Each structure stands twice: as C-alpha cells, then as structure tokens.
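I would like the entire structure built from these sequences, with the hints used as guidance.
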Amino acid sequence: MKGGAWRIAMGLGVAIACTPIVTRDPSTLSFNTCPEHPCDAYARPTPVTPPATCADGTCVVASDVSTNLVVLVAIPKGAVYGADRTLAIGLADLLRTSAVPSPCFPRCVHLPLPPAVASGVYNVQPKEWQALTLIPMFALGQQASLPVHVTYRALWPPNAPSAANDAFGTGLPILPVGALVTASPGVSVPGPGLGFQTYLQSALTYERTITPDSPYDLDFPPDINLVRPTQAEDVRLQLDKTTQTQATGVATLPQFELSRAGGSLDGWTAYLRDATTKRPISPIKMIGPTPAPDGGLLLPTSHHPPPTASMPDASTTGDALTNAELVMAPPPAQAQQLPTYVLAPLGKSLLAQQTYPALPPAATVHGMIEWSDGKPVPADLIFEAMTIYAAPVGSSNAGDGGLGADASGSTDGGLTASVYIPEPNFEFVTHARPQPDPGSGQSAFQVVLPRGVYRVVVRPEGPSPPDASSGVARAVTVVDGFDTGDGSGAAANAPMPGPRLLVQPAPTVNGVATIADGRALSGAVVQALPVGCPAPSGDAGLKPRDTASCLPRRVETVTNTDGSFFISLDPGEYALRVEPVDGTQLPWVWQPLHVSGSDRISVTIPAPVHHQLQLADGASILIPNAIVRIFTMPSRTSPAIEVGRTIADGTGHFDLYLDPNTATMP
Amino acid sequence: MTGACIVLPPPDLGVPYPHQPTILHTSVQPPTGLLAAWPPDSTFLVPIHFRDPVNDEFAWDAFVEPISVDSPVAGQLQPARPTPSALDGGVMVLQIMIPQPDLTQCLHVIVYVAHAFAIDRRGIPLNRVFDSVGGDAVDWVWVPRGGCAADAGSPITDASSEALPVPPVEAGGDP
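Those protein sequence lines, which keep their order, are chains P and X. Going by this note's numbering, the first sequence opens with residue 1, and the numbers climb by one from there. Going by this note's numbering, the second sequence opens with residue 1, and the numbers climb by one from there.
I should point out that these hints are in silico values taken from the structure, not numbers from a laboratory. Some hints here could point you the wrong way.
To be verified - Label-pair distances were calculated between CB atoms; the ranges are:
#1 P:127 x X:43: 47 to 55 Å
#2 P:334 x X:119: 49 to 57 Å
#3 X:25 x P:197: 19 to 27 Å
#4 X:133 x P:27: 18 to 26 Å
#5 X:43 x P:48: 29 to 37 Å
#6 X:34 x P:349: 42 to 50 Å
#7 X:133 x P:197: 38 to 46 Å
#8 P:566 x X:33: 38 to 46 Å
All figures in this text were calculated on a predicted structure; none of them were measured in a lab. The beta-carbon is built from N, C-alpha and C at its ideal position, and this holds for glycine as well.
Now the structure itself:
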C-alpha cells in the first residue's frame with residue numbers, strides 16, 4: 001500500500017458500523033448435543049472428512065492436527081510468568097507439548113514460559129558521536145549510553161526472515177512490547193550505565209527498534225535489527241554506509257543535497273524510511289533554506305537489512321539504502337497543496353543530488369455527489385493520488401512554474417508551456433466534506449488538488465437508516481482513474497469538474513446459516529471482515545494497490561431463529577465469518593465473499609474438531625483465565641483470520657471447537 | 001377414627017437475587033492501561049463473570065473520549081442473558097468492536113458492564129449510570145507519540161485499521 005496512506009484512521013468520516021447485540025433467547029439456540037441430536041445426521045463437508053461421532057455428549061470429528069492454525073494466548077496480569085504478554089504458537093506445536101509427562105489432566109499443553117529476558121545497553125562510540133552531532137560528548141574518548149525507548153515487534157512465523165512478516169501488521173494481535181529503561185544510581189544522561197530491559201517470548205524473532213529520546217533523535221538514527229531475545233546484549237550504534245549516492249561508488253554515510261525546482265525547501269523535512277514498513281530509519285531532519293547545507297543533509301541509519309539470498313546473515317550491515325526510500329515532506333501548512341516526494345533507489349542508484357520537481361498549477365475540482373435515493377447524508381470525500389504530474393528532472397521548465405513559485409502555494413499566475421508527465425513517486429491524500437443539500441438531493445464539494453490521477457472515494461456516514469436491516473445503507477463508492485490533466489495552459493487553481501460520483505444503496509446479501517444436520521443456526525454473529533477493495537472502476541489501467549481509504553466497512557449482524565440473515569455491504573472483498581453462540585459447542589466458520597451486487601449465500605456449520613486441554617507454563621504451573629484465540633496463518637494475499645476463541649477457567653481448562661475445513665481453506 | 005393433617009404449602013422458591021456482573025480485569029485484552037497500539041481487528045475482549053449465569057442479566061456500552069461523550073460507540077443497553085458459555089465456569093467473553101478513531105489525539109476508552117443501566121423518567125437507559133445492583137468498568141488510554149499535543153502530521157504514530165490489514169508488499173530487492 002502507498003506509504004502512510006493505509007494508516008489513515010478509518011474513523012475519519014467512516015460509519016460506526018456497530019449495532020447493538022440482539023438479545024438471544026436461550027430457548028431458540030441450537031446446541032451441539034448428542035444423542036438428542038444424532039451425530040449421523042451431520043453431513044460431511046467433504047468426502048474425506050471423517051463422520052461425526054458422539055463423544056462426551058457432543059458430536060465431533062477426528063482430524064489431523066492442522067498446521068495452518070496459530071494459537072494466541074493472552075497471559076493475564078498476575079500470572080507467574082509472562083504476565084501481560086500474548087504468546088503465539090502453532091496449534092500443532094502446542095498439542096505436541098502435551099506428550100511431555102505432567103501432572104495435568106486430561107491433556108496439558110505447555111506454553112513457552114518462562115519468557116526470555118531481553119536487555120541491553122545502547123552505546124555510541126566517540127567516532128560515531130562526533131560524526132553525527134555537535135552536542136558535546138559526555139566523557140571525551142569514552143562511549144556513551146543514550147536515553148532511548150525500545151520497541152519489540154514480533155514476527156510470525158517464528159523464523160520469519162524480515163519485517164514484512166510483522167505479526168501485528170498481518171492481523172495477529174500481538175502488541176508491540178516496550179522495554180523499560182534502566183539506569184544505575186547516579187547515572188548521568190547520557191553516560192554509562194543506561195540500559196533497557198523487558199521479557200519476550202523465547203524462540204520468536206522480533207524487529208527491535210531502539211529510538212533515541214529527544215533531543216538526541218534529531219541526530220542519532222534508530223537502531224533497527226531482527227533479534228532473538230538474549231540476555232544482556234551490548235548494542236553498539238553501527239552506522240550504515242552506502243555506495244549508491246556517489247557516482248564514484250565510494251561508500252559514505254547517506255548524505256543528500258536537496259533542492260526544489262523554482263522554490264524553497266524552508267520548513268520541509270527529509271528522512272529515510274523502510275520501504276516495507278514505511279517507518280523512519282533515519283532522524284527526521286528539517287531542511288534549511290539553502291539548497292546544499294555544508295555539503296549535504298546527513299541522514300544516518302543503523303538499519304540492518306533483512307537477510308537475503310546473497311546476505312543470509314541478518315546481523316551483517318549492508319548498504320544503507322537497501323529497501324529504503326528517501327522522503328521529502330512539505331511543512332503542515334503546505335501539506336494540503338503539495339504532495340510528499342518519495343524516492344527509492346532505481347537499480348543501484350539514488351544520487352545525492354535530488355530535486356523536488358516543478359509541478360503544474362493546481363486545479364480546483366468541483367462537483368456534486370449524487371445520491372440515488374435523493375437523500376444526501378454527510379460523507380467523507382477522499383482524493384488519493386496514484387500519480388502526480390511533474391516536470392521531468394533536469395528539464396528546462398524547472399524554473400518558475402506552477403506550484404514551485406511560492407512556498408505558500410500561491411503563484412504568479414503560473415501560465416507555462418511546460419511538459420509534465422505523471423510520476424508515481426508522490427504521496428498525496430486530501431479530504432473534503434461535501435455539504436448535503438436535501439432540496440436538490442445532492443452534495444456539493446470543492447477541493448484544490450495538485451494535478452494528477454486520483455482514486456476518489458465517497459464514504460457516507462451513518463451505518464443505516466432506522467428502517468433498514470443490518471449493515472450500511474449507502475455504499476462506499478470508489479472511482480479510479482480521475483485525471484485532472486497536466487494543466488497545460490491553465491491558470492493556477494483553474495476550476496474543473498470532478499468525476500461523476502453516484503452513491504447507490506449498498507448491495508444486500510441474503511444468507512442462511514444451518515448446522516450440518518439440517519437445523520437452523522439462530523443467534524449466531526455474522527461478521528463481514530473487509531480484506532480487499534472493490535475492482536477498479538473507470539479507465540484506471542492496472543488496479544491500484546488497496547489502501548485504507550477504499551476498503552469496505554466491517555459489518556456484523558445476528559442470525560434469526562430460522563438461521564436467516566440479511567446484511568448490506570459495501571462492494572469489495574470480505575471474509576464472511578459465522579460465530580455460533582459461545583457455549584453451543586459449534587465451531588466458527590468463515591468463507592471468502594466477493595460483493596459487487598446483491599447475492600444469496602449459505603453457510604453450513606459442520607461438526608467440530610474438539611480439543612479439551614489444560615493450559616500450563618513450562619514449569620507446569622496452571623494458567624487460569626487466559627483468553628485463547630485461534631487464527632489462520634497469514635499469507636501474502638490474506639491477513640490472519642480468527643477462527644475460534646475461548647477463555648480458560650480457574651483451573652486452566654479450556655475447550656476448542658474448530659472447523660475441520662479450516663486446515664484446507666486457501 | 002380417621003385422621004387428618006393440615007398440610008402447609010411449601011414456601012415460594014423466591015425470585016433469584018440479582019448479582020452485579022464482574023469484569024475479570026486481569027484477563028482483559030488488550031491489557032488495561034496504556035495502549036501500545038490499537039488492536040489490529042479493532043476488537044476489545046472483556047471477560048465477565050456471573051455469579052448466577054442462569055438468571056443474571058447484563059447490559060454494556062463503550063465510549064471513546066473525547067470523540068463520544070454522550071453517546072456510546074457500541075453497546076447493548078437492554079439487559080440480556082449471558083451466552084451459554086457462562087454456564088461453565090460463570091465467565092463469558094464480551095467482544096466489542098470499536099473502529100479505530102483518529103490516533104493523533106489522546107483517547108480514553110471506557111467500557112461499562114452493568115446488571116442494568118438506570119432508567120430516566122422517560123424510561124430511557126442512562127448510559128453510564130448503573131442500577132441499584134451495580135456494575136463494573138474497565139478502561140484504556142491511548143497517547144500518541146509525542147504526547148497529547150502531537151502534530152496531526154506526525155509520521156511516527158503506528159496505526160492499524162478497522163479493516164483487516166493487507167500484508168504489505170515488500171518493495172525493492174537485493175542491492
């Protein structure tokens with residue numbers, strides 16, 4: 001997804017899609033109990049699925065242990081080991097731990113506890129200190145410990161090779177862990193004896209980020225590395241060098257001479273960021289008014305690249321610009337008119353001299369949102385740039401053209417005969433708040449945009465009108481490929497019409513959920529979990545990457561007593577999940593759902609695979625009241641999806657009822 | 001001689017005494033206190049213990065301050081029975097989905113769980129006022145990097161999405 005755009009808060013103008021949970025009458029619920037409900041009535045989901053049999057009053061099937069499922073256990077506060085941590089382990093691996101003899105009954109599984117202690121001191125050697133800052137060193141000639149805050153982000157699977165496998169980013173709720181800063185009594189800041197400490201799950205790989213505290217963060221980069229928790233680690237700042245900024249191929253610290261065609265960079269900021277995670281890997285520095293301050297803007301990194309086929313050792317410091325991007329961001333006052341410039345090395349080259357190109361005059365885009373039912377509502381209108389028109393680097397029109405003339409965004413008229421081409425190396429997102437006019441049944445908007453090709457998204461507010469069934473009443477509307485043109489011959493802020501935006505009622509999905517023995521499934525929660533944007537519309541060419549702005553909204557409802565449900569959804573891709581009422585001993589079931597128009601679907605709840613377990617740590621100390629959650633394994637095309645949840649009781653006992661199909665789902 | 005006896009009817013069983021639902025604070029997810037990040041699926045899990053899961057009822061609602069002060073972002077204001085899972089151990093896990101709000105400001109997330117909410121003169125439940133039986137509450141605090149006065153444009157704040165995240169595509173390649 002583009003840069004930070006996918007992190008736009010979904011709450012901005014997005015409907016609060018929660019509906020109150022409907023009161024369930026226990027007498028209408030369907031339970032998986034036998035022999036009252038015979039197990040031989042359960043249809044097999046596939047010919048190879050074993051038949052259901054009655055075990056301890058529940059119809060269950062035997063199944064090979066799935067290797068595609070991940071168990072997350074949230075250790076409660078007050079636990080002997082690992083309190084407040086969420087541990088992750090493959091279900092197959094967890095069940096294998098029950099083979100170890102222990103006093104638990106009937107089947108005890110052991111979590112990887114106690115945790116591993118991770119601690120360290122972040123030291124800066126005199127040579128690196130003097131290379132980065134003019135702040136006097138604490139003790140001349142000696143290394144110094146900086147005050148830092150340290151964050152560990154778990155990767156999944158356990159031997160994950162890079163930060164692209166960030167567990168949290170792929171949907172596994174393993175929260176980042178912050179380390180406490182420790183200091184010896186009487187220590188000075190900076191100085192010796194300043195460290196950090198925390199405890200983590202052993203045998204997991206983490207991305208550890210050590211970020212200096214203010215004001216040292218202005219000069220010293222974060223130290224980013226993939227680590228396994230170990231005791232007492234002495235971390236030394238290791239500055240990365242690059243050969244990509246000099247034509248001579250000489251290895252130097254990343255240093256850039258930044259300028260702006262026909263304008264000033266006063267108040268702008270520049271930094272290097274990880275191209276995968278989009279997180280900063282260098283200090284974020286203000287760019288001064290002069291184009292090339294003292295030989296260039298130093299953007300040091302200590303960003304140890306992930307292992308690759310040619311560099312399998314993660315601890316090896318590679319080229320500073322490996323998987324990195326250079327970002328030039330306008331000051332907040334100009335951010336509504338000027339896009340952020342993002343440059344990645346092309347091949348093996350990202351030269352030190354970089355120029356923010358000249359842009360053509362902005363366009364004032366105006367238009368109307370049409371509401372098919374004639375009832376306009378407040379909405380968030382999002383314009384997200386796919387490409388921005390810019391003068392080619394080195395062209396003769398790098399002078400006083402368009403938005404390059406004045407840092408405030410105003411121009412002298414900006415009439416140019418320049419050539420501008422659509423460039424993908426920009427990020428720009430802006431919002432408008434169309435004003436609904438009940439009289440005309442439309443909403444008017446006007447917004448100033450840098451010229452480019454945009455995805456336009458209308459996100460209506462409000463989940464549904466009072467007389468509608470569950471879901472959203474008016475669909476999120478996505479229009480791709482809106483081209484403002486390059487503005488040749490146009491005046492600055494010249495008005496132009498926007499794309500046609502017609503908001504229609506959301507498609508409805510009529511569904512029915514039944515148990516595999518034919519009984520209706522009542523009172524179950526049906527959740528539509530968005531996983532992908534709708535197919536591109538208009539003349540968009542290649543499908544733009546999904547971003548948060550175009551994702552459909554999450555909606556949930558509850559099945560009726562006859563198992564039916566009716567839900568209105570935005571167009572897009574979903575994981576439709578049906579959660580039978582907790583305590584009915586039926587498994588959660590999910591299936592992919594593509595919504596482009598109204599549809600009918602059916603969901604069948606099979607007899608589950610049942611695991612009855614008791615939770616303990618590595619020392620066989622029982623863990624009561626821990627929430628246990630089961631997820632599918634995340635992949636390149638799908639996030640992790642929760643497929644089961646329970647809570648251990650006061651003696652650590654818990655039951656898992658899982659869909660036998662889950663292991664074979666794509 | 002015939003005998004007779006006067007049989008007194010047995011006493012009424014009586015109406016079960018209602019009990020206050022209790023949150024298992026140590027098991028709440030994410031852990032209470034300072035939020036390290038907004039949950040990736042925007043789901044907050046609140047285990048609730050019922051002394052009498054057969055007869056007890058409960059209501060709940062959730063607020064995100066300062067965004068929602070008077071109206072909850074989610075809730076079930078009319079009392080309902082716990083799920084059958086509460087019959088085994090007396091605990092049910094309440095799942096609350098709170099869409100991710102603007103994370104550039106400080107936030108206070110509060111969940112109230114009550115036997116019932118007090119009713120005003122019009123018969124409308126009062127969102128944050130427990131009835132005479134009582135209730136419980138749990139809260140979390142979100143502080144953006146840089147504190148409560150952080151610029152809206154800060155690039156550092158980690159943010160997840162209401163929707164399921166799409167795994168990022170790794171850009172670039174071997175040097």
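Each hint, compared with the structure:
Between residue 127 of chain P and residue 43 of chain X the C-beta distance comes to about 49 Å, which sits within the given range of 47 to 55 Å. Checked against the hint of 49 to 57 Å, the pair residue 334 of chain P and residue 119 of chain X passes, with Cβ atoms roughly 53 Å apart. The hinted window of 19 to 27 Å between residue 25 of chain X and residue 197 of chain P holds, with their beta carbons roughly 25 Å apart. Restraint check, residue 133 of chain X to residue 27 of chain P: a C-beta distance of roughly 24 Å satisfies the suggested window 18 to 26 Å.
Separated by about 34 Å at the C-beta atoms, residue 43 of chain X and residue 48 of chain P satisfy the suggested range of 29 to 37 Å. Taking the beta carbon of each, residue 34 of chain X and residue 349 of chain P are about 44 Å apart, inside 42 to 50 Å as hinted. In this structure the supplied range 38 to 46 Å holds for residue 133 of chain X paired with residue 197 of chain P, their Cβ-Cβ distance being about 45 Å. Roughly 40 Å separates the CB atoms of residue 566 of chain P and residue 33 of chain X, a value that falls within the hinted 38 to 46 Å.
The earlier numbered hints are all upheld by this structure, with none contradicted.
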